[in-house]
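Peer 1: So the sequence lines, in the order shown, correspond to chains A and B. In terms of the numbering used here, the first sequence opens at residue 1 and continues consecutively. In terms of the numbering used here, the second sequence opens at residue 1 and continues consecutively.
Bear in mind the hints are in silico, worked out from the structure with no lab data behind them. A couple of the hints might just be wrong.
What the hints assert, rightly or not - Calculated pairs, PhoX-like style, for lysine-lysine (alpha carbon to alpha carbon, straight line, at most 25 Å):
#	chain 1	residue 1	chain 2	residue 2
1	B	Lys146	B	Lys169
2	B	Lys169	A	Lys265
3	A	Lys229	A	Lys66
4	B	Lys115	A	Lys229
5	B	Lys146	A	Lys231
6	A	Lys46	A	Lys229
7	A	Lys91	B	Lys304
Unchecked claim - Here are a few chain B residues that sit away from chain A, every Cβ distance over 10 Å (derived from the structure):
#	residue
8	Gly9
9	Asp78
10	Tyr81
11	Arg112
12	Gly116
13	Leu160
14	Val162
15	Thr176
16	Arg202
17	Gly215
18	Ser216
19	Asn257
20	His300
Computed from a predicted model, the values in this text were never measured in an experiment. Quick reminder that beta carbons are idealized off the backbone N, C-alpha and C, glycines included.
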Amino acid sequence: MKRNSTFLITMLCFGFAFFYIPILSMIVYSFNASRLATVWGGFSTKWYVSLLSNQQVIDALILSLKIALVSATIATILGTMAGIALARFSKFRGRVFFSGLVIAPLVMPEVITGISSLIFFILLADWIGWPGQRGFTTITLAHITFSMVFVTTIVQARMIQTDRAIEEAAMDLGSRPWQVMFDVTLPVISPAILAGWLLAFTISLDDVVISTFTTGPGSTTLPLLIWSKVKLGVTPDINALATLMVLTVGIGVIAAGIILNRAEKRRLAEERMAYRSNA
Amino acid sequence: MTPDPATKGGFRRWFDLQGWAQLVIGLPYVWLILFFLLPFLIVVAMSVATNTPTAPPFSFGGEHPLVNLGAYERVVTDGLYLRAFLTSISNALVAAVLCLLIGYPMALGLTRVSKGWRTILLMLVILPFWTSFLLRVYAWMGLMGKNSWFNGLLTEAWNLLVPLDWALKSIPMMQTNFAVVLVMVYTYLPFMILPLYASLERLDPTLDEAAMDLGSRPSQVFRDVTLPQSIPGIIAGGMLVFIPAAGELVIPTLVGNASQPMIGKIIQDEFAQARDWPMASAVAVALLVLMVVPTMIYSHYQAKAEGSK
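Same shape as in the complex, but just chain B (with noise of 0.2 Å):
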């Protein structure tokens, strides 16, 4: 079968066999090697050119011609990147763990209410993910401030608690770590909520009636029959928090300790302050190459889960 766009009969013969399914597949795949592909080999690149004071601020030539690796010697070497993968981990890793821990009984108490209940809960879980996302951050802002009824509450709370030369006149909570924690954990509490809800709601709930015919107390049920079960839910989760927060901007650098940057943070500023083109795209793709790792976990499980559906 030739294409034959002269004549009229062939062109629509073609179009009809394979043109039409050629526009379909073709147009969003040429879109997304243009828009997408194209300018992350173009960072890939950058990130082992040289940088320069000209405009715009790089080449591949000088003393290392077309390959300078000086970028990624210094991601592994320069305390200032090292630290601020550490700090991103760690941040990350600490809001999806307490994710789990509020989001695990809040999804397995969605799937044990009544089925009207359920509709409209699972809307309220949903809902703050359609409002906007900066100004959820912002409505922290509000609460950690120093002259926030919130914060005063917890000052009054404090200070019942501790003997009385700790005292506090407010909490300190923004600019701080504990603040990005926090803001991370109400921002992406639904991404791990919705995961482990479709996974607790496929269960079979006559499997906890076996086990508690069989003697098994409520917590032993728990721990043998629904944590098992519900793994690759926390898996998904634990992903679907940990990689965005991890790359995360806007919520450090409103709520978080800026001598202690997170590495969104730092490719930005490598990119307008210093204006290190090299530098920053070499730090993007060193945190790339890092959520690689739990982005294949979260495939390997999510492959596994669909398999034994």
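Looking at chain A on its own, in the form it has when it is part of the complex (with noise of 0.2 Å):
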């Protein structure tokens, strides 16, 4: 049945009119020559222009950045251990309580991950004085353990799927359990490695409610100074600066989509080709 009713191609033209009609607005809004945010006034760039000679902005968003790529990375080396492991190592001491811990990041209320850390790094601080001073190192330790599990998610569900008889072939002639994850595990699982790390990054660039908890002064991080700016109102400056990371993620993600579509289009194809010659 591939006829589609009238009713059902309304509903779509309505949900992507719903997801990007505000997104647009706030685009063309952020060309707006007036100082009021919603009152046309003709096209200007001067927010631009005042945004990207605000220090303030450039130092929360290399802040943010940085925050970002530290996180990302170490989250995806532990998140894809821990999805190795729920994958192959069916049997270890406490695997169902690993599987729950490595579930409950993601259904827990971000407001009580949040004050769960914050409480955690001032007693910490009061038990062993150490950290001295909440900031880059509690937020990024907070968004490590926070985005970890989606990139365990990610990694075990391409386990699941991924022929285990390579690996086994890999045993059989004489490679070491740690050789047979670096030269055969992980390049086979590269793309959900990729696509954990973006999603890592992505989450750490992106979050308000864990940082607002986390960090301390003088540490602004990008969405702590929206945060901060938004709750006064809105602002044409903050237009702007919505425009360009909506601009910038959404050539990333598009890109990213595209490369990830390709390498997987050819490693089905060479699956197929190494299955024809083996036949």
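Put the complex together from the two separate chains, hints included.
Peer 2: Written out as structure tokens, the structure reads:
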């Protein structure tokens, strides 16, 4: 039944209009000359100029990128390990508990994760004197913990799909377990690892709630800066900032989607070739 | 096989046979226990502590040594907390139902468009999820404001439809529960569409045809064939919307009514403004207990869906 009813087409149009009209409106109003963010006063790019010369915004962006790079990388390493452990080691002590521990941060309301991290860091500083001041380190630690489980979910799903026979073949040929992992497993699941890293990176770059709780004086990430500004209302320079961020992420995601799609097609084609030459 | 790190060969054998696996399992395990479980257990312990004007502001002594259930007592008796829970649940519930009503036809429509279109449209569903959550909320602040073109348009439509003396200069949308629900639907709709699409896509189209051949009208086919088979997707989508929406902090802070706070805001205020850590912790634990029920329904249906595959 390929025929699509008028009702479903209408709903699709309505839905996508609903998704994109607010974003488009924000982009249009970022070029608004008027100081009143919602009343049109002619075309202008002055908010972009004032934005790019705003040192506060640039500092916040750099801090956010640093935190996202560090936390996404560590989260990917830990998350991949957990994903491999859950997909390949079927029996180890505490496996059920471990798989619960990996799901819990996914369903835990962010406010609770944030407040428990903050209380933990304050008490830790009280007991052992570390972390002395909250900021880069505490935000990064909280982001790693929160985003690694997303990497685990992606890697685990991919591991279950991949054929164990290649790993077993490498073992039979005399590779040591860690060599199998680095030479066989990791290259095979590399698209999933890349996707996981990208997800962890965007989660960290986007996070407001957990950062609000774990930040300290002087450590303002870009979302925290935007958060403090938008609480006071709509301003045209935030429209400009939003436009830049939405466009960057949009182009990035589309490019990544195309690259991953191609890699996947190539992999499938290679697999088919391999099977054909075997037969 | 006893590990013998003294001799190199022994260590190597131990590492290959056990150590390697223990490293791969152990590192993320220890990390999650240290930075996720332990902080959470501290919050649970904190919820039965006594609030004191010290720094840090709690103690386990005093009138109620070790276990002080005073904070929980206030959660159940103080109207402030009960109202906040009710506001959270009703907002999240309405948002989940609206997401279902909008998302279901969209997901169904997606399964019926051509393959090329499907890839593009799915990408368009996922794309907002990658862009900043905060900025998507912000986009609606621009639209709902008193002087915006969107509010103006709605106001004109309203004034056309109602008698003259009900006419408005602008529709008061900001700082209402309506705004909270609207923005929740906007930000969480992809969470509803994607699982629904996944479960609808798996359905066998020949079943529809069989039902049609046996004389069912399209609406009957939907009611008797499509809908019952997509229930796991409905449950999954509903939970993915309801759970984060109920604990939401950003949306109600930006567009919500400050005199009708949701539970996330209460937790933050108890902690930061009132400096009552035990109270904040107790409310957090109560919220979590409330979340456990839908999560269990969700995983029950998830397990069922995986079993039937």
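Peer 1: All hints, please: hold or fail.
Peer 2: Hint-by-hint comparison with the structure:
1. B:Lys146 to B:Lys169: The given pair, whose Cα atoms are some 9 Å apart, holds under the 25 Å limit.
2. B:Lys169 to A:Lys265: violated, 56 Å
3. A:Lys229 to A:Lys66: holds, 22 Å
4. B:Lys115 to A:Lys229: Between Lys115 (chain B) and Lys229 (chain A) the Cα gap is close to 43 Å, so the pair fails against 25 Å, i.e. violated.
5. B:Lys146 to A:Lys231: Answer holds: Lys146 (chain B) to Lys231 (chain A) is near 16 Å, not above 25 Å.
6. A:Lys46 to A:Lys229: Measuring from Cα to Cα gives roughly 19 Å; hence the hint holds.
7. A:Lys91 to B:Lys304: This hinted pair holds, its Cα atoms lying about 23 Å apart.
8. Gly9: holds, 13 Å
9. Asp78: holds, 19 Å
10. Tyr81: holds, 14 Å
11. Arg112: Violated: least Cβ distance 4 Å, not greater than 10 Å.
12. Gly116: Since the minimum Cβ distance to chain A is about 13 Å, Gly116 (chain B) lies beyond 10 Å and the statement holds.
13. Leu160: The claim holds: Leu160 (chain B) sits with its nearest Cβ about 21 Å from chain A, beyond 10 Å.
14. Val162: holds, 24 Å
15. Thr176: It holds; Thr176 (chain B) is separated from chain A by about 16 Å at its closest Cβ, greater than 10 Å.
16. Arg202: For Arg202 (chain B), whose nearest Cβ neighbour in chain A is about 15 Å away, the distance exceeds 10 Å, so it holds.
17. Gly215: holds, 16 Å
18. Ser216: holds, 12 Å
19. Asn257: holds, 15 Å
20. His300: Fine: 14 Å to the nearest Cβ keeps His300 (chain B) off the interface.
When each numbered hint is compared with the structure, violations occur for hints 2, 4 and 11.
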